Amino acid sequence: MIPKSEILKTLAGYDKKKLAIATLCSHSALQIFTGAKQEGFKTIGIVTKKKKPMYDAFPLAKPDEYIVVDDYHSSADALNSLAERNVIFVPHGSLIEYVGKDIGNLRVPIFGNRRVLFWEADRHKMFQWMKKAGLRMPSSTGPDKIKGPHIVKFPGAKGGRGYLIVSSPKEFREKTTHLIREGVVAKKDVEGALIQEYLTGVRFYPHYFYSPLEKEGLRVGEGRLEMLSVDRRIETNIEEIYRSHAAGLKTEPSFAVVGNMPVILRESLLVDIMDMGKRVVEASIDLFGGIPGPFCIETICDDEFKFSAFEISARIVAGTNLYPKFSPYTPYIFKEEMSTGRRIAREIRLAVAQNKLDKVIY
Amino acid sequence: MIPKSEILKTLAGYDKKKLAIATLCSHSALQIFTGAKQEGFKTIGIVTKKKKPMYDAFPLAKPDEYIVVDDYHSSADALNSLAERNVIFVPHGSLIEYVGKDIGNLRVPIFGNRRVLFWEADRHKMFQWMKKAGLRMPSSTGPDKIKGPHIVKFPGAKGGRGYLIVSSPKEFREKTTHLIREGVVAKKDVEGALIQEYLTGVRFYPHYFYSPLEKEGLRVGEGRLEMLSVDRRIETNIEEIYRSHAAGLKTEPSFAVVGNMPVILRESLLVDIMDMGKRVVEASIDLFGGIPGPFCIETICDDEFKFSAFEISARIVAGTNLYPKFSPYTPYIFKEEMSTGRRIAREIRLAVAQNKLDKVIY
Amino acid sequence: MIPKSEILKTLAGYDKKKLAIATLCSHSALQIFTGAKQEGFKTIGIVTKKKKPMYDAFPLAKPDEYIVVDDYHSSADALNSLAERNVIFVPHGSLIEYVGKDIGNLRVPIFGNRRVLFWEADRHKMFQWMKKAGLRMPSSTGPDKIKGPHIVKFPGAKGGRGYLIVSSPKEFREKTTHLIREGVVAKKDVEGALIQEYLTGVRFYPHYFYSPLEKEGLRVGEGRLEMLSVDRRIETNIEEIYRSHAAGLKTEPSFAVVGNMPVILRESLLVDIMDMGKRVVEASIDLFGGIPGPFCIETICDDEFKFSAFEISARIVAGTNLYPKFSPYTPYIFKEEMSTGRRIAREIRLAVAQNKLDKVIY
Numbered sequence: 001m002i003p004k005s006e007i008l009k010t011l012a013g014y015d016k017k018k019l020a021i022a023t024l025c026s027h028s029a030l031q032i033f034t035g036a037k038q039e040g041f042k043t044i045g046i047v048t049k050k051k052k053p054m055y056d057a058f059p060l061a062k063p064d065e066y067i068v069v070d071d072y073h074s075s076a077d078a079l080n081s082l083a084e085r086n087v088i089f090v091p092h093g094s095l096i097e098y099v100g101k102d103i104g105n106l107r108v109p110i111f112g113n114r115r116v117l118f119w120e121a122d123r124h125k126m127f128q129w130m131k132k133a134g135l136r137m138p139s140s141t142g143p144d145k146i147k148g149p150h151i152v153k154f155p156g157a158k159g160g161r162g163y164l165i166v167s168s169p170k171e172f173r174e175k176t177t178h179l180i181r182e183g184v185v186a187k188k189d190v191e192g193a194l195i196q197e198y199l200t201g202v203r204f205y206p207h208y209f210y211s212p213l214e215k216e217g218l219r220v221g222e223g224r225l226e227m228l229s230v231d232r233r234i235e236t237n238i239e240e241i242y243r244s245h246a247a248g249l250k251t252e253p254s255f256a257v258v259g260n261m262p263v264i265l266r267e268s269l270l271v272d273i274m275d276m277g278k279r280v281v282e283a284s285i286d287l288f289g290g291i292p293g294p295f296c297i298e299t300i301c302d303d304e305f306k307f308s309a310f311e312i313s314a315r316i317v318a319g320t321n322l323y324p325k326f327s328p329y330t331p332y333i334f335k336e337e338m339s340t341g342r343r344i345a346r347e348i349r350l351a352v353a354q355n356k357l358d359k360v361i362y
Numbered sequence: 001m002i003p004k005s006e007i008l009k010t011l012a013g014y015d016k017k018k019l020a021i022a023t024l025c026s027h028s029a030l031q032i033f034t035g036a037k038q039e040g041f042k043t044i045g046i047v048t049k050k051k052k053p054m055y056d057a058f059p060l061a062k063p064d065e066y067i068v069v070d071d072y073h074s075s076a077d078a079l080n081s082l083a084e085r086n087v088i089f090v091p092h093g094s095l096i097e098y099v100g101k102d103i104g105n106l107r108v109p110i111f112g113n114r115r116v117l118f119w120e121a122d123r124h125k126m127f128q129w130m131k132k133a134g135l136r137m138p139s140s141t142g143p144d145k146i147k148g149p150h151i152v153k154f155p156g157a158k159g160g161r162g163y164l165i166v167s168s169p170k171e172f173r174e175k176t177t178h179l180i181r182e183g184v185v186a187k188k189d190v191e192g193a194l195i196q197e198y199l200t201g202v203r204f205y206p207h208y209f210y211s212p213l214e215k216e217g218l219r220v221g222e223g224r225l226e227m228l229s230v231d232r233r234i235e236t237n238i239e240e241i242y243r244s245h246a247a248g249l250k251t252e253p254s255f256a257v258v259g260n261m262p263v264i265l266r267e268s269l270l271v272d273i274m275d276m277g278k279r280v281v282e283a284s285i286d287l288f289g290g291i292p293g294p295f296c297i298e299t300i301c302d303d304e305f306k307f308s309a310f311e312i313s314a315r316i317v318a319g320t321n322l323y324p325k326f327s328p329y330t331p332y333i334f335k336e337e338m339s340t341g342r343r344i345a346r347e348i349r350l351a352v353a354q355n356k357l358d359k360v361i362y
Numbered sequence: 001m002i003p004k005s006e007i008l009k010t011l012a013g014y015d016k017k018k019l020a021i022a023t024l025c026s027h028s029a030l031q032i033f034t035g036a037k038q039e040g041f042k043t044i045g046i047v048t049k050k051k052k053p054m055y056d057a058f059p060l061a062k063p064d065e066y067i068v069v070d071d072y073h074s075s076a077d078a079l080n081s082l083a084e085r086n087v088i089f090v091p092h093g094s095l096i097e098y099v100g101k102d103i104g105n106l107r108v109p110i111f112g113n114r115r116v117l118f119w120e121a122d123r124h125k126m127f128q129w130m131k132k133a134g135l136r137m138p139s140s141t142g143p144d145k146i147k148g149p150h151i152v153k154f155p156g157a158k159g160g161r162g163y164l165i166v167s168s169p170k171e172f173r174e175k176t177t178h179l180i181r182e183g184v185v186a187k188k189d190v191e192g193a194l195i196q197e198y199l200t201g202v203r204f205y206p207h208y209f210y211s212p213l214e215k216e217g218l219r220v221g222e223g224r225l226e227m228l229s230v231d232r233r234i235e236t237n238i239e240e241i242y243r244s245h246a247a248g249l250k251t252e253p254s255f256a257v258v259g260n261m262p263v264i265l266r267e268s269l270l271v272d273i274m275d276m277g278k279r280v281v282e283a284s285i286d287l288f289g290g291i292p293g294p295f296c297i298e299t300i301c302d303d304e305f306k307f308s309a310f311e312i313s314a315r316i317v318a319g320t321n322l323y324p325k326f327s328p329y330t331p332y333i334f335k336e337e338m339s340t341g342r343r344i345a346r347e348i349r350l351a352v353a354q355n356k357l358d359k360v361i362y
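Those protein sequence lines, which keep their order, are chains R, F and A.
Heads up, the first sequence is in this note's numbering, so the first residue is 1 and it goes up one at a time.
Heads up, the second sequence is in this note's numbering, so the first residue is 1 and it goes up one at a time.
Heads up, the third sequence is in this note's numbering, so the first residue is 1 and it goes up one at a time.
Since the hints were made in silico from the structure, they are not lab data.
A hint or two may mislead.
It does not matter which identical chain is used: a pair holds within one copy or between any two.
Straight line, CA to CA, 27 Å or less: simulated BS3-like cross-link-like pairs of lysine-lysine [what the hints assert, rightly or not]:
| id | residue 1 | residue 2 |
| --- | --- | --- |
| 1 | K37 | K18 |
| 2 | K52 | K335 |
| 3 | K49 | K132 |
| 4 | K278 | K49 |
| 5 | K52 | K18 |
| 6 | K250 | K306 |
| 7 | K215 | K52 |
| 8 | K306 | K52 |
| 9 | K131 | K52 |
| 10 | K215 | K325 |
| 11 | K101 | K187 |
| 12 | K147 | K335 |
| 13 | K215 | K50 |
| 14 | K101 | K132 |
| 15 | K306 | K175 |
| 16 | K131 | K50 |
| 17 | K101 | K335 |
Computed from a predicted model, the values in this text were never measured in an experiment.
Construct all of the structure, not just a fragment, from the sequences and the given hints.
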């Protein structure tokens with residue numbers, strides 16, 4: 001991984017009055033560009049020819065400048081060229097999906113702590129982080145010990161595609177053999193699969209923002225923790241599988257994320273939500289130097305009001321796209337309209353004003 | 001159908017500085033009136049005595065003037081009287097339900113292309129349109145060939161009431177015989193029923209607006225295509241049937257639309273959404289002269305991220321009522337607050353300014 | 001119960017230019033405080049040490065002043081001390097849960113009619129009220145007559161925890177015996193349980209506000225009725241139980257309210273919604289002197305578009321937390337942003353201006 005000192009050297013050469021914000025045109029880019037513009041930044045979008053018309057369809061959100069690439073998988077050069085152009089790059093789920101481990105070596109300064117993207121990508125590290133944060137987690141098991149419904153998550157599964165439900169070692173073998181035969185997953189994916197207890201309850205995805213620069217509010221570390229919004233993911237076909245079952249179809253569940261819907265939490269549960277967020281930030285500071293910027297804890301709440309956590313997304317999540325102006329919570333924190341995309345740009349602007357870009361960029 | 005030349009003659013006699021916008025008090029009228037007022041138009045509502053107090057309960061949305069009728073089914077005279085009063089009439093689902101084929105002969109100028117209401121109402125024409133647009137569609141079949149779950153849609157079924165799920169010719173006969181005996185549907189409704197394959201996935205209803213007048217954005221034909229918002233319909237009892245089933249009730253599914261909930265789509269899926277909309281507009285231009293104004297494609301998204309389309313609603317849909325100020329997408333297109341209702345009024349205002357009312361009215 | 005004359009005496013001693021609004025930090029306090037500030041009131045929050053950091057995390061919503069107590073159950077003294085401080089107290093669900101019957105004797109003036117909280121808390125009175133209002137209700141039965149799915153609601157069940165589904169007298173006995181043995185409910189709770197027919201349909205929770213002071217709109221009694229918004233409650237585990245069932249788990253349903261999601265109603269159904277609200281207000285005027293302020297009718301809508309009502313919440317409900325700025329309906333009533341919390345503060349301000357605090361406070 002490129003050392004932080006080198007990124008800081010690049011940053012030192014930047015004209016701070018002409019900073020631009022760039023991202024891949026995907027995932028939450030409409031929101032990121034809009035937020036950046038609201039905070040006065042120039043915007044640059046890496047885009048494919050196929051996706052460009054969609055971004056053009058949203059004239060106020062489309063980036064000031066496009067860099068057209070053939071394929072996001074091979075966009076590292078385009079990304080690196082940005083390092084000469086006063087650009088701060090905002091990572092999101094599609095960056096991780098398309099660029100993968102190469103993110104570590106990108107020369108362009110990245111908003112947040114790029115170390116965290118590796119803690120997010122490696123399940124062992126992720127669980128170490130979650131345990132240190134004291135989060136309640138579903139149990140995980142080996143293929144030979146499956147007893148009762150478990151969810152099988154293959155490494156790098158994109159947006160939940162290919163997740164499996166199995167209830168026994170036999171069912172695991174049969175279903176994974178089938179997937180290998182069909183070419184959906186590779187043998188090593190099956191070997192590296194995470195097999196988690198299937199928990200009952202209701203899913204909530206709270207969207208946090210950790211600012212090392214702001215002080216007023218819920219103090220954590222040297223900064224403050226904000227909860228900006230909450231969503232529930234819409235996964236096909238599981239989201240409406242009861243309709244198919246009621247119609248008489250014997251549909252097997254699948255979990256491909258196709259959208260999001262807005263929700264709020266019972267106000268008394270926000271105490272636990274803030275507390276979980278606080279512990280995740282504190283653990284991140286201890287483990288890898290903190291997590292400036294947006295993150296999400298993927299939770300499920302049972303009927304004793306207890307939250308279990310499945311995963312942490314250590315960057316902007318797509319559920320925040322629900323709230324380009326404000327969420328049911330942001331009016332309690334900000335006088336002006338505030339999306340997560342704008343919050344990111346605001347943090348960069350604040351860091352420039354306080355001469356502390358090093359706190360929020362790596 | 002009244003020729004367009006006659007409508008244009010009526011329009012030619014209008015005082016363009018005193019245009020009024022009218023609609024039936026139902027469906028999306030609160031939004032249509034509010035939007036019209038925001039754009040500076042006078043508003044007129046055709047209303048029944050029973051419904052009037054409800055509209056009075058929303059003082060900023062209620063029309064400037066009411067025309068009280070006994071029954072929407074016999075409101076054609078009231079509607080035609082508007083043609084002497086500088087009125088442009090905005091059609092919605094209730095107009096189609098109540099006035100039906102008489103719409104064709106209404107002398108009052110109608111926003112949009114009134115031809116499209118007939119393409120919407122006739123299933124054969126609708127499918128021709130959808131096929132020409134290259135939309136993936138569920139297969140449909142005859143009553144004797146039903147194999148596996150199918151949904152039976154009777155002609156003119158109001159908001160999904162009376163839709164059936166059947167899995168075999170026998171079940172089709174039994175259930176439709178029962179409905180005929182109960183007087184819910186007529187024998188000729190059963191003969192004209194559409195029997196569609198029941199598809200699994202998640203439903204999304206994207207709300208489009210096609211403007212032949214605007215240029216900046218996603219160009220289609222001589223204008224631009226906008227995607228304003230998305231909803232999911234709430235149908236009773238299917239929406240919560242799993243609750244009844246979990247409680248031990250053996251409830252049969254029903255599909256009466258009672259409301260809507262807000263959703264967003266995974267950003268990468270917007271590429272396909274915009275593309276479907278584009279092809280629907282292009283096909284409409286070829287087939288019947290285009291579709292200025294709002295429309296909706298009723299889709300279902302499977303776990304391979306593929307959309308199938310069931311139907312097109314070729315006018316404002318009730319799901320847009322979720323967004324009287326803005327949706328998660330309108331801030332990316334408009335600086336000001338923008339509902340579909342306001343968007344309609346804005347298009348009329350734009351057409352007046354450009355002297356192109358003939359492009360958006362028939 | 002403290003006589004109204006005494007409360008009015010306290011009010012008479014208040015400095016009307018320095019009124020403060022107070023509530024327990026729970027349930028809908030973020031919204032209540034924010035609304036009070038928007039209308040220019042000082043805010044005071046009764047809070048526990050544990051909950052305070054969460055409120056601090058929302059700097060624009062947190063009260064101007066905290067009164068820290070050990071436990072809300074023993075907060076009556078703290079509440080009464082407010083009577084010397086120009087305070088009007090806003091009740092919500094947590095006040096009812098924690099302070100219970102002592103509310104009747106609180107010396108601090110309470111927004112609304114405190115009599116209504118007792119009509120809400122007593123099921124027999126509640127049903128009397130609902131019947132007088134002509135609401136369609138699910139049938140209720142005795143433990144020995146249960147036939148088919150029924151929902152068992154224990155008195156004082158907090159947010160739906162401990163609700164049961166039973167289909168026969170035997171199942172009732174087995175499940176309640178189990179709950180008593182586990183210490184979840186007491187024997188007298190089982191004897192006092194409400195056993196209601198389980199209805200099929202879709203739940204809607206319309207949020208009303210009755211103002212005895214405003215005139216323009218839907219006139220009811222001497223004031224007007226507003227419908228501010230609608231939500232659906234999210235209850236764990238029933239909300240996602242179909243996911244567990246699809247995964248092969250044999251999960252029993254539970255009904256603990258953990259959040260809310262936004263919805264709208266088919267516009268034509270608003271006629272019935274307004275009508276139900278009207279009758280509930282009229283009945284409240286006859287029975288106990290009216291219901292100034294917010295209330296909610298908990299309904300379920302079947303596939304013939306008929307609403308049944310389960311309960312009335314005679315104060316602000318947590319579902320209104322979805323709309324801190326505006327709902328899909330408030331723009332049709334108010335030019336400015338309007339939450340239910342702000343609506344309460346607005347009514348107090350209006351009452352001060354009209355010298356009619358006695359109409360909205362007891």
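Against the structure shown, which of the earlier numbered hints fail to hold, in ascending order?
-> Hints 12, 17 are the ones this structure does not satisfy, whereas the remaining hints hold.
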